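Residue numbers (this note's numbering), protein chains in the order written: chain G, 1 to 333; chain E, 1 to 311; chain H, 1 to 521.
No wet-lab data here; the hints were simulated from the structure.
Keep in mind that the hints are not guaranteed to be accurate.
[Claimed, not checked] With a Cα cut of at most 27 Å, we get these calculated DSSO-like pairs of lysine-lysine:
1) K51(G) <-> K412(H)
2) K143(H) <-> K125(H)
3) K125(H) <-> K161(H)
4) K492(H) <-> K253(H)
5) K51(G) <-> K196(H)
6) K143(H) <-> K196(H)
7) K159(H) <-> K125(H)
8) K235(H) <-> K125(H)
9) K51(G) <-> K143(H)
10) K178(G) <-> K196(H)
11) K295(H) <-> K362(H)
12) K412(H) <-> K59(G)
13) K161(H) <-> K143(H)
14) K143(H) <-> K159(H)
15) K253(H) <-> K235(H)
Here the structure is a predicted model, which means the values were calculated and not measured.
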Amino acid sequence: MRALLARRLVALLAVLCGLAVIVFLLQAVIPSDPARAMVGASAPASVVAAKRHQLGYDKPLPQRFLDYAERLLHGDLQESLRTRNPVSTDLASFAPATLELALVAAMLAGLLGLGLGLMLVAGGRLARLLRIALISGASVPTFLTGLVAILLFYSTLHLLPASGRVSDTLVVPGGPTKLLLLDSILHGEPNLFWSALTHIIMPAFTLALLPALAIARTLATACEQVMREDYVRTARSKGLRERTVLLRHALRNASGPPLTMSGLQFGLLLGGVVVVEQIFSWPGLGLYLNQSIAYSDFPAITGTTLLLGTAYVLVNFFVDLAQAWADPRIRTV
Amino acid sequence: MNVATGRRRPAAASIASGTPEALSGPGAPRLRLWRARAGALAGGSRGGLAGALIPVGLITLLALAAPLLATHSSAAVTSAGPLRAPSLHYPFGTDEIGRDIFSRVLYGIRESWLGAVGVIVVGAAFGGLVGALAGSIGGVVDTVLMRLTDLFLALPAPVLAIAVIASIGPSLLHTLLALSIVWWPWYARIVRGEVRALASRPHADAARLAGVGRVRLLLRHLVPGALAPVIVTMSLDVGNLILALAGLSFIGLGAPPPSPELGAMSAQGLEYLFGHPWVPIAPAAAVALLALVANLLGDNANSQLDQRMTR
Amino acid sequence: MNPRRSIGLALIAALAVILTGCSSAASTSSTTSTGGAGAGGDILRIPYLGDMSVPDPDIFYDIEGNSVILSSYEGLLTYAPSSSQLVGQLASSWSISPDRLTYTFHLHAGVHFHDGTPLTSEAVKRSFLRRLAVNQAPAYMLKPVASMSTPDPLTLVVKLKHPVNPFLNYLASSWGPKIIGPEAIVTHAGSDFGQKWLQTHDDGTGPFQLTAFERGRQYVLSRFSGYWGSAPFFKEVLIKITPSIGTQELELKNGGVDAIMHSFPASELSSLPSNVRVAQYPSYLRLLLYVNTNKAPFNNPAVRAALRSTINVPQIISEAYAGTGTASSGAYPQDLLPSQPPLNYTPNAALAAAGAKAASTKSITLGYTADESGVQRRAGELLQAQLQAAGWQVTVREVQLPQVYGYINNLKAAPDLLMQTNTPDAANPDTWARIVFYTTGGLNFLGYHDPTVDRLLDEAVSAPEATATSLYQQVGKDVIDANEIFFLADVKNVFVLNSGLSGVQQVPAYPWTVNLATLRR
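Chain G extracted, bound-state conformation (with noise of 0.2 Å):
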């Protein structure tokens, strides 16, 4: 187990690494000139040049690539061009709203999932029509699903909100979490956890959609390979019932796909928030890469990347962690 902690934390930093040059070199082929962004359409030319030349943009690319990768290493995300923050500073603002909606829309997709999943391999009659609307829900792109669940949520049935993260008068506490939903428990504010609550469903569920598909059927066809295995037909035929079969037994066995789909999905899930977050106006790190990539604000767009890029290699790296610890078998892959 520790050589494969220690092999998979390698590969981990080796990823991280990747991600940093692929980041950067991207910053090397946009078209637009961030000096002359910062400075104003009306500078003059000598204000400009001094400007790049400060930014250090007139220097080799594989200067600036040593550069970038020392500010990285001192967390120095430069600055924004449009809010005239550092970068690091605007993710940290941003942050929390996203990896809470994240967090819920697991969660959600988890839990669906794990349930649908169960529903399709029961069987039966319901089961053939759960699999048809199984594939036409995972059919209904994102910004779909968000719009007819506003439309009948809050236009026509006045149940939830359309947009924000929490009432508009109601006052956000500055901590400790900066999740609405735990710190509202913490400060003891009932209105303020059942605003957060209202706002975070239509958003986190549009979300889970998508994903909580995908793992209910990857549930449902790794528990199907598992349920054909002998050990299983030796438990039928001890007398068990199917139930008992199914949760006792396959389950813990067919969990590695599942597992490792929920790890993937996560990554799809932060693809999903940029859209969701449109929709909703969740103030999180969607809409702050929305803003940045309609200004041009090629710091930001940067640094959301590779913030949102290191959250996914890490979750895989845990799931991967979890897969390893739950069956021996892959320990010594």
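Given chain G, work out where chains E and H should sit, using these hints.
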């Protein structure tokens, strides 16, 4: 940008190794091999795969024939004027410029479908090449290529795609390029796994002993064996890719307007949702339809292969 | 009971319980959280499509965000409602010396900054110096200042290096020098003249105070109890960041926001529910078509003349703007210059076809900047259709504003035609001509360069009024004849408001906002 279906990491046991054709000798006619492979996929007493192939075939025909079927060009401003409700002449109404939505949706289907297929073919070809080389040559080449593949696999595809397009500027070509860059690693992994498994089988040894060259070995014996899982993955992927394309163009990173890209049309049409709902709904429904058809095919192919395996 | 069925039923039951729990919670929680009709009272809610750059008046140079600046800060002068007439704001009166070099301003007594300190001429002088020190985009307005003196606490004397005709207009401009208080400039000066502190705070004299600035979420303006003028009706203004105009529309209709200040899709104006009304006012926003003369085919004046004969402006206006815009009548925004030379864009099919032939081997690119209401996209595509009908080959492309600013560095790679909506900095012809026609103008995107125009404008900025007017008219005529910039539409300020709102007061020179202090419910 969501994966609609399961994308499994190939397990240690090769998927296709259960098929009896693996024992065909070195001189076996290629035709028998191909037919057997096709049979493995098209088999199934319930004709389930055929059932999924028909809609796919229809959509592909639709996509290819869009310029013939469309009543107007995708950019032509009709005489009906903007935001007209659906009617006989304009089955999906007209959009905010006055263009026929039906024609634009057809062109959009064409762009999305052929674009998705293009990305997948390119991704599978490139990834397959990398995987085949890694699997057959082995050694240092294998290690280097697989580390590179792992790097790309370890990074989140949608985030990278966004970063690439934001850097080089949105256009249909750039978007498809960015998606190809993040899509190929899967195929490399799959093909490499299959090739390595097959290369250690008796028939491959026999071929080598008989003096078959490495390239021929690769092409005639190893690669065909890897085809089945690749084709399954490709068919599963079409749906994912269509949704990915739609999602990217929704946030403005797809083909820029006035290109008839379905996601962009949905996004731009959103503001007309109340007075003129057909403007965003028609393209959004088209995306869902394309993804549904692709997913049905992929799901069927998947279960066909599963059934083959467990027989 | 069948075990499979029981699992399914259990899950469905759980889901039902959760949903009913949610709905009952939602209905018992405060109505403001779901934006029901009860939302409102003395809180005003306005959506923004995106974050403003910073609420620092010496840096801010965009349009969306000026409701924050104009509510929390005041300048020496302002414009009377619905006009371009200069009136005093913090200055109760002013006088100009006969040589037009010395301006003497008398300040209102009893004015306080949000930090509590009184307004003095020293504070105004310090605020002006800060703008020059920070030296960002709007600093040019104070560059002609040679010196300032404060003979008494309520008098400020400003001496200019040379006469500047638009100087008072600069002081009234939406982006003009606003008077910033000592808490920002002195107490929190730090090493950057208080820029860091002003990223999230304000210290103005205006009727509202910026009490919260949460990027991506919302900005909160609270009524300032020590305001020297009449108190606003609204206790609080919540500016909510809502990036999708579709969501903004939904919230307006359901009472979640009270007013949409800009980018409302023109075609939806005719299908508004009864609780929402439209208020349209003139503005100085104009749709321009820039022509790239640095490469073929438009480096040929005859081809440009043919282009002029192809454009059918009334058709673009009626279809893209649906009544929210009118065809331009001159090179300058209306009312800013008397007796403007006329535009005369008359379509002529023969000339158009000839031009298309001359350019036939080239496919030209028409770029337009993205905007949420889609109106520039529509105008661009309508123009494309017109050009193609005449035989031109045109591809239309959406471009981002930061890229547009970069075209000047590589004009050969820039589009052949560019559509963009601009507004002058203030209600004076110089503030339009200088940024659009002058060679180094900030909005001169495709490098229009006419040394005569530059010379005339340099003369006009200091010339006596009558001379200046005729100089601007001459410049207008030169620009129109050159066929390098076409003036398509004068765009209105369109506000879509909750019907319960009244007291709408706006100024054409302050686009996309109304006076939040006079608004009431």
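Structure versus earlier hints, numbers of those that do not hold, lowest first: 8
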